[in-house]
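Peer 1: Protein chains in written order, with our numbering: chain C, 1 to 192; chain U, 1 to 192; chain G, 1 to 260.
It should be emphasised that the hints constitute simulated quantities derived from the structure, not laboratory data. Just so you know, even glycine gets a beta-carbon here, dropped at the ideal spot from N, CA and C.
A few chain G residues that face chain C, going by a derived Cβ cut-off under 10 Å, partial list only:
| id | residue |
| --- | --- |
| 1 | I158 |
| 2 | F161 |
| 3 | L165 |
| 4 | F202 |
| 5 | D203 |
| 6 | L215 |
| 7 | F219 |
| 8 | I222 |
| 9 | L223 |
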Amino acid sequence: MPSKSLKTIVESLIFVHDQPLSLDRLALILEEHERADIRLALEELAREYAAGGRGIVLAQVAGGYQLRSRPEHADYIRRLTKSKGVKFSQSALETLSIVAYRQPVTRAEVEYLRGVDSGGVLKSLLEKKLLRILGKKDVPGKPLIYGTSREFLELFGLKDLASLPTLKEIQELAPPDPFADQPELPLEAVES
Amino acid sequence: MPSKSLKTIVESLIFVHDQPLSLDRLALILEEHERADIRLALEELAREYAAGGRGIVLAQVAGGYQLRSRPEHADYIRRLTKSKGVKFSQSALETLSIVAYRQPVTRAEVEYLRGVDSGGVLKSLLEKKLLRILGKKDVPGKPLIYGTSREFLELFGLKDLASLPTLKEIQELAPPDPFADQPELPLEAVES
Amino acid sequence: MQSNLFSDALEDAYRVQIEEFEGPLDLLLHLIKKNELDIYNIPIAAITRQYLEYMEILKELNLDIAGEFLVMAATLLQIKSRMLLPVESEDEEAEPEDPRAELVRRLLEYQRYRDASQQLSSRHLLGRDVFARKFASAELADLEQTEEPADVELFELIEAFRRVLARVSVETFHDVITDGISIADRIGEVLSLLHAQKTLRFDALFSERMTRDLLVVTFLSILELCKLHLIKITQGECLGSIWLALNAQDEDAEGDGAPA
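Full structure from sequences and hints, please.
Peer 2: If you want it as structure tokens, here you go:
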């Protein structure tokens, strides 16, 4: 008989692994246990999960065991992904940071700094109301000038633009070598 | 009474989500159900997991519910993931606890309390997302102010900031207390 | 000063090297504990002597001493000398404060947070003692094209800007080099990547190491492929990335998120 704890150990392992876990792999990890016992533990675990009434099922896939959400709940799971918060791609974040720090700024200036076309991402940031058009620049072609919006401040929890940390402030947090010019110890002068 | 299936749906959702899932979020996702029923389902689920004999526990962290492996099995899981696990230096832990208890807090306040330069460790905690910049303090020089993040709560398995272990009272250290005006827990910001 | 990980009180006995002390407060607390002194009534002369002895050992070992340790040495000496001076009675009303008071307050406060940090590290830490599923479940993999982190922190915004600035200088540095790759060549490359991977993130085609010329050629290639209805360009939800996919045979190209 496998010990009760072996079953829960196996359950833990299957739970945390991002891929199906095979009996071979389990036997390798739990080297102090008999393979036969591990197999029994797996079988018992499978029986328990199969007994039902659970939101999680133990599936046998790709030669291993994997915990999965109950297939009947797929619709609910899908809602979970739908309601996920705003996600930022690297390009959105870069563009946002350039506008934040360089505003008022034109698309051409953003693109010069990023080295890639940024029309799409500017448009989508405008749609999300994180950026706004401040006006038109008084140069040939009258390009639009962009700035950040109130929603931008809200997203980052900023009171105003002046609360935006400067690059310098971040860089100052970790100077390259803080003790490079360490003064000599003035110990001689001290009586001990 | 919550239906049996509501409980399993909630279990599925918590299982699949890679972050703690709050009651608010569950109520939003499961809009056709009463919030009270969802709460009951959560409570029942928590009871079931607490009844034990499982390799998975239901933890209340960072304002939500998350399934986690049983702490007693950490050794086995480390064998599987071959990870050495997170390790924190004393300086990181000190800085984290100071920020946790005194937030919002400035770098100067952290450094006064620790007695050492803390720029590097603040930056690395920001990079690990355990700390976040909350804005700037409305005092001359407008220093950045720091606080802890959701990830901080997740890391230490805290339900919320109020669940932080209480700071040891200084009175305990010495019966005659010459510093009776020492501030209590919600400590006033130290001006250095 | 960056001693490693969960050093606890048990290790104190072995902590002789100053490098294992977090700072002057840590060292002072150690000295007080080792000598079983009353923190409220520190014999300042003795503790100063021991403190300076540590500094001497360090100096002999040729180790760097952080500035904070020197500041504390000066503070200790100052307190010591003030203890020796007769109390001046300039303002008669105010009870003169013990010269040690400020130091004691700091030591107590520091000890408090050090205790708290030890309590924190004794909890079941995620990733050390307990583990959660911090990955996208298999059942979600088919449902979404996951993008990067869900929550955006101010720090990330600044880091993004820093990356941009770092890249600009590197790029102007390499501006002179031309890859000499034609649009036709690049189109071929993009298509073969798409055949292999089905979908491609727009950004993925623009590597940081690319020259400006190559960036331009890549961009023009994508426009060309789009014009030829060979690829489809879509954008993920919200502020999602732009994705490229091979166009299915009979479908019209979607102009949805196509760059202007």
